[in-house]
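Starting from the known structure of chain F, arrange chains A, R and W on it as the hints suggest.
Chains as they are written, first to last, in our numbering: chain F, 1 to 301; chain A, 1 to 301; chain R, 1 to 301; chain W, 1 to 301.
Be aware that one or more of the hints could be misleading.
Repeated chains share a single entry, so a pair holds when one copy, or any two copies, can fit it.
Straight-line Cα separation of at most 20 Å, EDC-like style, residue types lysine to aspartate or glutamate; simulated pairs [as the list claims (entries may be wrong)]:
{"#": "1", "residue 1": "Lys277", "residue 2": "Asp301"}
{"#": "2", "residue 1": "Lys290", "residue 2": "Glu76"}
{"#": "3", "residue 1": "Lys168", "residue 2": "Glu76"}
{"#": "4", "residue 1": "Lys290", "residue 2": "Asp41"}
{"#": "5", "residue 1": "Lys273", "residue 2": "Glu255"}
{"#": "6", "residue 1": "Lys273", "residue 2": "Asp41"}
{"#": "7", "residue 1": "Lys290", "residue 2": "Asp256"}
{"#": "8", "residue 1": "Lys290", "residue 2": "Glu159"}
{"#": "9", "residue 1": "Lys273", "residue 2": "Asp256"}
{"#": "10", "residue 1": "Lys273", "residue 2": "Asp301"}
{"#": "11", "residue 1": "Lys273", "residue 2": "Glu158"}
{"#": "12", "residue 1": "Lys168", "residue 2": "Glu158"}
{"#": "13", "residue 1": "Lys168", "residue 2": "Glu179"}
{"#": "14", "residue 1": "Lys290", "residue 2": "Asp6"}
{"#": "15", "residue 1": "Lys168", "residue 2": "Asp129"}
{"#": "16", "residue 1": "Lys290", "residue 2": "Asp270"}
{"#": "17", "residue 1": "Lys273", "residue 2": "Glu27"}
{"#": "18", "residue 1": "Lys273", "residue 2": "Glu292"}
{"#": "19", "residue 1": "Lys290", "residue 2": "Asp75"}
{"#": "20", "residue 1": "Lys277", "residue 2": "Glu10"}
{"#": "21", "residue 1": "Lys168", "residue 2": "Glu131"}
{"#": "22", "residue 1": "Lys168", "residue 2": "Asp138"}
In case anyone wonders, no lab produced these hints; they're calculated from the structure. Since we're looking at a predicted model, the values are computed, not measured.
4 protein chains.
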Amino acid sequence: MPLSPDQIAEIEAARATPRLTLRAVSEGMEAQLYRAQPVLDHGFVRVIDYMGDDAAIVQAARVSYGAGTKHVQNDEGLIRYLMRHWHSTPFEMCEIKLHVKLPVFVARQWIRHRTANVNEYSARYSILDREFYIPAPDQLAAQSTVNNQGRGAVLAGEEAARVLALLKSDAGQMYDHYEAMLSQDGQQGLARELARMNLPMNIYTQWYWKVDLHNLFHFLRLRADAHAQYEIRVYAEAIARLVADWVPLAFHAFEDYRMGGATLSARAIDCVKRMLKGETVTQETSGMSKGEWREFQTLLD
Amino acid sequence: MPLSPDQIAEIEAARATPRLTLRAVSEGMEAQLYRAQPVLDHGFVRVIDYMGDDAAIVQAARVSYGAGTKHVQNDEGLIRYLMRHWHSTPFEMCEIKLHVKLPVFVARQWIRHRTANVNEYSARYSILDREFYIPAPDQLAAQSTVNNQGRGAVLAGEEAARVLALLKSDAGQMYDHYEAMLSQDGQQGLARELARMNLPMNIYTQWYWKVDLHNLFHFLRLRADAHAQYEIRVYAEAIARLVADWVPLAFHAFEDYRMGGATLSARAIDCVKRMLKGETVTQETSGMSKGEWREFQTLLD
Amino acid sequence: MPLSPDQIAEIEAARATPRLTLRAVSEGMEAQLYRAQPVLDHGFVRVIDYMGDDAAIVQAARVSYGAGTKHVQNDEGLIRYLMRHWHSTPFEMCEIKLHVKLPVFVARQWIRHRTANVNEYSARYSILDREFYIPAPDQLAAQSTVNNQGRGAVLAGEEAARVLALLKSDAGQMYDHYEAMLSQDGQQGLARELARMNLPMNIYTQWYWKVDLHNLFHFLRLRADAHAQYEIRVYAEAIARLVADWVPLAFHAFEDYRMGGATLSARAIDCVKRMLKGETVTQETSGMSKGEWREFQTLLD
Amino acid sequence: MPLSPDQIAEIEAARATPRLTLRAVSEGMEAQLYRAQPVLDHGFVRVIDYMGDDAAIVQAARVSYGAGTKHVQNDEGLIRYLMRHWHSTPFEMCEIKLHVKLPVFVARQWIRHRTANVNEYSARYSILDREFYIPAPDQLAAQSTVNNQGRGAVLAGEEAARVLALLKSDAGQMYDHYEAMLSQDGQQGLARELARMNLPMNIYTQWYWKVDLHNLFHFLRLRADAHAQYEIRVYAEAIARLVADWVPLAFHAFEDYRMGGATLSARAIDCVKRMLKGETVTQETSGMSKGEWREFQTLLD
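Extracted from the complex, chain F is given alone in its bound form (with noise of 0.2 Å):
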């Protein structure tokens, strides 16, 4: 169970006691504020505040555009305009605060979108709970043998019983020597700047993290696609969901022209022209390398 009895307590009283305010107001948003989404074992996310919805995006566009923006008919066309000529700074007035409870491993790459804020539990402060992210069965992929950085078939019988063990029982060691080592029964007891040293990156952490909508989108296109690591992109899948909810027309927008989308080189177009007038090109007469003729041809199929 990913949150402990004080957590939901303290979610049920924030629930129990809407107030009024006069700023804009996302219904979709309301629906879910506080309560935790799961993911992978023991993790989840969940919506702490949030600032502005679709019509806060339109309003810092026509601060920007001025009279001349009224010729778009409406919210939604204005939206999909900005998105797609990457006008990002309408995006960036709105704000959404998460809190996140997650494997260390995932944060790490998380924590490489730089424009963000964070606040994350300090185990150099505070100790750490002993919880462990153990892959789902059908999660425990082998080496991809075509990409050094992906998975290929997932692990079976023998294999995967073997490696299960071995992170199980790797994790409640580690754990075991960490109370251990830190323990003042008998014992002064190792500062806990260190003794957190000695646990396994699987371990959970969690952190506040804030962050604007143009930066979220960023981040989604990158932590959503098919090519991220499973175990941040159902993070980031969880956080989509969200994002639909909160502002549903900039997040179809963004489906349509960046999850959905692509990005063709000079040459691509060129290709694609020649193709259209009826010529058969192949990799050999593109000008593409082979690598790139194969994304090319996987994008068209």
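For chains A, R and W alone, coordinates are given in the frame of chain F:
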């Protein structure tokens, strides 16, 4: 009058319809929301949205420090501790979105604070209004004779009258010519993106500006300071009053540790210690340059 | 003449004294170092310093990907792979520092690129020179009739003459008044920080601008684009030529994948697939708005 | 030995072939270039590249302040003035690129400094080496009894021996299991991106880290401070020694105004003034909390 009738109507409509939210609410800020605080002759600052309150800062800090923070007895003590020890990330968990109308030469200073989101009115896209900053007589100051970057005595008599007359007539003439170049009456009309280059830098522009509380404090420390130019300082002071209503505990800590505080060099600390032991320290024996010594004396006077 | 005699002497002195270094050296950039590339009527761009070269990008990528990158046969292939897959961090490992002289209204667009370091000439501290941007006759364009944010035909005849005369006489008059207000001859003299507000936005300023190669590419994609305003585009084009000399492999990958490339939406990709199968797709059957469809047609023409 | 034979050969090759450049050269830094400074048991810091020197800081400041800076008599005086008055942009004009090998738990603290560029070795893509940080006996400290976030006395005797034995045997075992899970000998072999989760946080990683001098000073102020964890502080100290060789004037100003300096609150300044007038101030009459008063006393002792 800084606000257009459309803007006033929009403010009243927005303030007329409170809605329910489960988010953190700052009553002090709700009272201010959307209302324009006049600044200079045609400018204003108004809050469009905010995220978080004093409790949100404490909540974020407790995520970081875990159970360890429980020995701090109250929110005020913890907020003061965080400010004193430059723990900036909990303050980043609050965010504010402002609508500001300001002269272009002020906007040019302001934008140098990079860690913020901005949507500015586009004079490439739309036509600017005929509104210029003309200093009030008590702000028409001479060049400082001691500081390249400062003001001296207020101009008086004929010189003041001459300056005011020039500023007013030049602004009017430039705007007349701007309109004449843009006009499509009997001519093609110059492109907006070109015509704007003829406008002086005291014309007003406007923008939405969104920033987190940590970076806002940094802005206020530099721009509400006595060394800042008057025309940006009055904006910083107006914002400071809003922040005092929004997050009073954090603001008071900021006033004590940043605005009212000072950084002493190693040499200056050494001098204080020697002085407390009864030694008479002079500039010559202080190890400081004349400029440093003068600033040190001012601090302790 | 954009450079002062002092500046020319400084450039010649700096170029006269090569020194030994163990750092990565780009011969293409050494040939450019300190030399001013003229832009517009009084502006320039010149390289003050640079860090890294094409090999430095490859070296940084190999730190990330370890031995795994060895199967990429050469530097060009790896650089193209990184660009194609939006692996931006290796490009961030190169840095350039430019000295730019530019009109204020161009500077106002430029500064919106926040991920850069800037030192601008301070008109609060010092007195600006009497230099203004006056468009060449072939750049004196009418407002576009189809695009709020663009130029139409070039003005001709009397209208062009009228506009040029206004721009020149207004600039001269404003500068005369700037000097008159600052003068301490028989009067106190207005503070510089105030007098500058009377100057028009086509006056030239200058700054040092330092940026990493990834963020510079982002700047070039937006500002060397056909939709950018001509007056900033010529700066971007001058910088692009410098970058081509500095990191030729990275620059060519950028040209192919970014400048010459295009992003297709999910709907657009679907249309391309249908068209390649022989279907005749129209705006009505495309699912795109009129604006999107027009842009899609332009891309494939 | 922290460097591999390949790395040593690469360093010697790079240092063997000086080339001519017209750029600013820091002799102090050239002597250091590429050479690894050992840190902890297997880590190092080495300079890969740098941009600028003390003169470059002065040059950037003179662009900003124009002729007005000429009254500052020398570079050292100007650099001290800039540091004292928090004029940070000229320091941003210098840049350094480091190659760092460090334990993962140190990397997790380090990466929180967001204004920097990073390329880290990818354990998703490649296999990590069998190298772990094991504290030296004099760094095996107990948990502080007064500070949640600190160390107390050094552990001794059997407790120390127990801790060291656990750290060593756990690291070895985890690495054995990492290899066993990855092995493709008679089995498929677990994906690298999964196997890495079983590694403890004292394993070494490495990265290229590029940062400007202003942000580096901020890093050093926090991480070379006595309150920083020892394991990151030794890296900060090694970097500080490099910076002292690179930009000696800036570094000495930094030492005086930042490292050796202190920020006093408004209350603290008031207390100093009262004490200098002969008043005996106690915690009760100071207006400070117990914690503040203790820090204040420590500063003036």
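Hint-by-hint comparison with the structure:
With identical chains, the CA atoms of Lys277 and Asp301 are at most 20 Å apart both within one copy (18 Å) and between copies (11 Å). Taking the shortest alpha-carbon separations for Lys290 and Glu76, only the inter-copy value of 14 Å comes in at or below 20 Å, while the best intra-copy value is 40 Å. Taking CA atoms no more than 20 Å apart as the test, Lys168 paired with Glu76 passes in neither setting, with 49 Å inside one copy and 43 Å between copies. In this assembly of identical chains, the alpha carbons of Lys290 and Asp41 never lie at most 20 Å apart, being 40 Å within a copy and 44 Å across copies at closest.
For the identical chains of this complex, Lys273 and Glu255 are inter-copy neighbours only, at 19 Å across copies versus 25 Å inside a copy, given an alpha-carbon limit of 20 Å. For a Cα distance limit of 20 Å, the shortest separation of Lys273 from Asp41 qualifies neither inside one copy, at 48 Å, nor across copies, at 40 Å. Taking the shortest Cα distances, Lys290 and Asp256 sit within 20 Å of each other only across copies (16 Å), while inside one copy they are farther apart (28 Å). For the identical chains of this complex, Lys290 and Glu159 are neighbours neither inside a copy (35 Å) nor across copies (57 Å), given an alpha-carbon limit of 20 Å.
In the homo-oligomer, the alpha carbons of Lys273 and Asp256 lie at most 20 Å apart only across protomers (16 Å), although the nearest pairing inside one protomer, at 22 Å, exceeds that limit. In this assembly of identical chains, the alpha carbons of Lys273 and Asp301 lie at most 20 Å apart whether taken from the same copy (16 Å) or from different copies (7 Å). For a Cα distance limit of 20 Å, the shortest separation of Lys273 from Glu158 qualifies neither inside one copy, at 52 Å, nor across copies, at 45 Å. Taking the closest pair of Cα atoms, Lys168 and Glu158 come within 20 Å of each other only inside a single copy of the chain (15 Å); across copies the shortest separation is 29 Å, beyond that limit.
Taking the shortest Cα distances, Lys168 and Glu179 sit within 20 Å of each other both inside one copy (17 Å) and across copies (16 Å). With identical chains, the CA atoms of Lys290 and Asp6 are never at most 20 Å apart, being 56 Å at best within one copy and 31 Å at best between copies. Only within a single protomer do Lys168 and Asp129 lie at most 20 Å apart by alpha-carbon distance; the minimum there is 15 Å, versus 23 Å between protomers. In this assembly of identical chains, the alpha carbons of Lys290 and Asp270 lie at most 20 Å apart only when taken from the same copy (17 Å versus 24 Å across copies).
In the homo-oligomer, the alpha carbons of Lys273 and Glu27 never lie at most 20 Å apart, since the shortest distance is 45 Å inside one protomer and 38 Å across protomers. Taking identical chains as interchangeable, the C-alpha atoms of Lys273 and Glu292 lie at most 20 Å apart whether they share a chain (17 Å) or sit on different chains (18 Å). In this homomeric assembly, Lys290 and Asp75 come within 20 Å of each other (Cα to Cα) only across copies, at 16 Å, whereas the closest approach inside a single copy is 43 Å. Proximity of Lys277 to Glu10 under the C-alpha cut-off of 20 Å is found in neither arrangement, the shortest distances being 64 Å within a copy and 52 Å between copies.
Proximity of Lys168 and Glu131 under a CA criterion of 20 Å is satisfied intra-copy only: 11 Å inside one chain copy versus 23 Å between copies. When the C-alpha separation of Lys168 and Asp138 is checked against a cutoff of 20 Å, the pair qualifies only within one copy, where the shortest distance is 16 Å, while the shortest distance between copies is 33 Å.
Against the hints set out earlier in the document, violations occur for numbers 3, 4, 6, 8, 11, 14, 17 and 20.
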